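**Q** These are the residues of each chain, in order.
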Amino acid sequence: MTVPAPRARRSSVARFVAAYGQEIVIACALIALFIVVSAINPRFLGANNVNTIVSGNAYIAVAAIGMSMIIITGHIDVSVGALIGVLATISGTLAVSGYPVWVAWTAPIFIGAAINGGVGALVAYGRLPSIVVTLGMLSILRGGLVSSTGGAWINDLPPAFQIAQARWFGAPAPIWFMVILTVLAFLWMKNTAFGRSLYAIGGNAEAARAAGIPVERRTVQVFMIHGAFAGIATMLFATQLRVIQSTVPPNLELTIITASVIGGVSILGGTGTVIGSTLAAVLFAAIGSAMIFVNVSAYWLRAVIGLLILVTVLADMARRNREFWSNQR
Amino acid sequence: MTALVRLQGVSKSFAGIRVLRDVDFDVQPGEVHALLGENGAGKSTLIKIIAGTHAPDSGVIRVGDVEMRAITPREAAKGGIATVYQELLLFPDLTAAENIFLGHAPKTGLGTLDWNQMRRRARELLDSLDSHDLDVDVKVGALSVANRQRIEIAKALSQNARVLIMDEPTAALADADVRRLMIVIKRLRERGVGIIYVSHKLPEIFEIADRVTVLRDGALIGTLPIAEVTEQTLVTMMVGREIDHLFPKPEPNFGATVLRVSNLGLGDRVRDISFELRRGEILGLAGLVGSGRTELALILFGITPATSGVIELDGRPVTITSPRQAKTLGIAYVPEDRGLQGLVRPMTVAQNNSMAALSHVARGVFLDLRAEAAKAAAAIRQLGIRARGPDQIVAQLSGGNQQKVVLGKWLETAPRILIMDEPTRGIDVGAKAEIHALMGRLAQQGLAILMISSELPEVLGMSDRVLVMHGGRLVATIDRADATPSTVGAAMAAASHAGEAA
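For the protein sequence lines, the chains are A and B, in the order given.
Just so we're aligned, residue 1 is where the first sequence starts under this note's numbering, counting upward by one.
Just so we're aligned, residue 1001 is where the second sequence starts under this note's numbering, counting upward by one.
By construction, these hints were calculated from the structure, which means they are not laboratory data.
As the structure is a computational prediction, the values presented were derived from the model and not from experiment.
Incorrect hints may appear among the rest.
According to the in silico footprint, chain A covers these stretches of chain B (three or more CB under 8 Å from chain A) [to be verified]: (1) 1336–1345; (2) 1350–1359; (3) 1364–1372.
Label pairs and their computed distance ranges (CB to CB) [to be verified]: (4) A:311 <-> B:1055: 31 to 39 Å; (5) A:311 <-> B:1053: 26 to 34 Å; (6) A:310 <-> B:1111: 33 to 41 Å; (7) A:310 <-> B:1011: 35 to 43 Å; (8) B:1011 <-> A:24: 38 to 46 Å; (9) B:1144 <-> A:318: 37 to 45 Å; (10) A:15 <-> B:1252: 39 to 47 Å.
Calculated from the model, a selection of chain A residues having no Cβ within reach of chain B, i.e. all distances over 10 Å [said to hold, decoys possible]: (11) 43; (12) 45; (13) 96; (14) 111; (15) 121; (16) 132; (17) 144; (18) 149; (19) 167; (20) 180; (21) 184; (22) 304.
For every residue, glycine included, the Cβ atom is placed at its ideal position computed from N, Cα and C.
Put together the whole structure using the sequences plus the hints.
**A** Following this line, the structure appears as C-alpha cells:
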C-alpha cells in the first residue's frame, strides 16, 4: 500500500494557536482591557489595584478549576455556590469554636469532596442528569444553611484565620493559590491518564466505556475533586473579611460556570482547559473594576458578562457546526 | 402513460466523492419499483433527491409534466411525494390522529382544529390500510414498530401521496407484520400510487415489485421488469464481477484455536451459538439486520454479558462482563457505529489512538506525550491514515480515515481477537480496499478476526469461513471454497423460510 507523505507539519506556533485559541483570546482581551482602561485612568494599573482585582476573585478562579473539570467530563454543577456558602459557615464556626485554624481551613476541602462524592455517585450509578441532581442539591444546601443558622453572621474570627489577607513573597496569598493550582490542574489534566479519561468521557462516554475507561468511577472521582476545589475556594472566600455571612453568595455558581464557559470549556463536554477558566475569572474581576474606574455603573457588569457568554457559546457552536458539516456526506 | 416522477442523468457528489453518476430512474402510477444495491451504492441519495432533501449536481427531474433542476421538500409535498423512513419520524406523545394530520389538520370555520373531522378521517385512512384495530386516540409512543409504520403510511396518504418512497420498510418487522405490509402495498398499488421500494430482502422484492433498478457504486446497472430477472442475476448485478480483485486476501495461515463458544445465549436475542475461531482466521458473520450478529459481538466484548453458554479463550473458560475485562483478555471491538462507540471526535488522532492503551504511553501517573505522538505517527504510517499529523482533530478526517483511527486504537492494545462490526460501512471504495488489505495482513500475522458484515461481497471476499445467523441462531457454517452468493444467499433465504415454519 502506498501512503502519500503527510503534508508539511504546521509550525509549532500555528499548532499552539489552534490548540489554545480561546485562552489566547481571553488573554488578549485582558491585556486590551488593561491598556484601554489605564489610558483613561492610569490608577487602574497600580499594583495595589491589580492585586486587589485578582486576589479578591481568586476563589472564583479556584472553584472554576473544579467546575471546568466537571464540564469537560460532560456534566454541570449548579450547586457549587450554595456549597461554598455552607462550607464557609462550617469553616467559620470551627474557627470561632477554638479549633486550630488549619482544621478550619482544611475541613471544607474534605467535606466538599464528600458531599460532591455523593452527587457524583447519584449521577454515575443512579444515571441521573447532573443538572437535576445539583439543582436538588442547590435547594438542600441553601435551605439547610438558612434554616440552621437563621441567617446569623459569624463574627470575631481569629486573625490567624485570615489566610486570604496574607502576603507571600510580595503577592497576596490567594494569587499564589490561584496560579499554582491552575498550573498543577492544567498539567494534571493534560499529562495524566486520569485527566485524559475525563476528556474522553466528556467527548464520547460510550466510546470511553468501550475503550475500557471506568466511566462511573471517574465520574464520582471528578465530582469529589471538584468538591475539594470548592473547599479550597471556600478557604480563600471565607477568610477575606472578619465576618462570614451565613447566606449563599448570590449568583456565585453562575459566575463560576461562566468563567469555565468563557474560558473555552465547551458546555457540550470534551474540550477546554483550566487556564482558560482562570483567565476568564480574572477578566470578570478586571471588567468589574474597570467599570468603576471609567465611571460606568457596576450594574452593567452582569449584562457585559452575559453578552460575553452568548458570544462565546455562539462561537463554540459555530466551530462545532463547521466541523459537523464538513464531515457530513 | 406519464411517469409520476422521472429522473434523467442525475449526478451527485459529496465532499468530492461521486455517490451518483448519470442515473435515470422513474416511477409509473400503480407500480412498485424496487431499488436495489449494496450499502453505499447510492440508493439513499437517490431517494433523498426524489424526496427533496438533496439537490442533484446535474441532471433533470420531472414531477408529472413539470421539469425542474431540483425538488424542494415543499415541491415534493405538493407533487404528492411522501417518504416512510426507516427511522420513523413520529411524535411519541401525540395521538395517532394528531400525528397523521400534523401540519395539515382540518380546521373549523373559526380556525380552530376540527377534532371530529380529524379523528373521523384518521379512522377512514387506517381502515383503508386494514388497521381496524388501531385506535386513533392512542399515543404513538405506546405503539409497536409495525403500527407506527402504518401511521406513517396513513400520514402520507392523508397528504394525497401519489408517490410513496419506502426505505427498508421491513427491516424491523416481524414476519406476520411483513405479510400485512405486503397487503397494504398491493392495495396502494391498485389505487394508482407509485411506490419506490428499497430493500435488501430479495424474496420480498420478487413478491411485490413490478420493476427493479440496481445501483452499484453510484452508477445505474439496469432497470428491468421483475419477470426478466432471477435472484442470481440480481446478486450479480449488485455485486459486479470484479469482486475478486476488490478483496486482496493473502493465503491464510491458521494456528491454534483462540476462541471457542459453546451454546452461547442472551435471552431470546442470541440463542445456542457454538463456533470456533483460530489464529490467523477471518470468520465472516452474515445475516440480515436484526439476526443477532451485533448482539453476539456485544456479548463477546462484555457490553451485554451472556445469559447462558460458555466462552473459552485458549481452552480456558472465561466470563466476560465488561469491555474493560474483554480488553484485558485481548479482545478488541471495532464497533458498527464509529461515531457512537468508536471515536472521541473532539480529540486528536494521537489521543484517540492511545485511548484504549493509555498504560502503554504512561510513565507512572504521567503520560509520555512524546511517546504517544510517536505511536500515533507510526499508526498513521502503517494504516495509511490521511491526516495532517498526530495532533489533528479526528472530527476533521474522512469516514475511511476515522475508521482507520478506530482500528489503530484497538491495535494499540495488541489484541488476539479482533471483532469488526461492519468494518467498511459508509466508506468510499478506495479506503474500503485498504481496510480489507489491512485485515488480510493482520490475519496473516496471527490475529483472529470475527467480521460482521451486511455486504455479501465483503463476506465472500474476506472470510475464510462464513457463519450465517438468523433469528438469533446460527443457521449455517460455510467454508470459503463453498461460499458463493448463491450458497450464502440461499442459507439466508432458507433460514427465513425455516423461521416462518418454526
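**Q** So, against the hints stated earlier in the document, which numbers end up violated here?
**A** Checked against the structure, no hint fails, so every one of them is satisfied.
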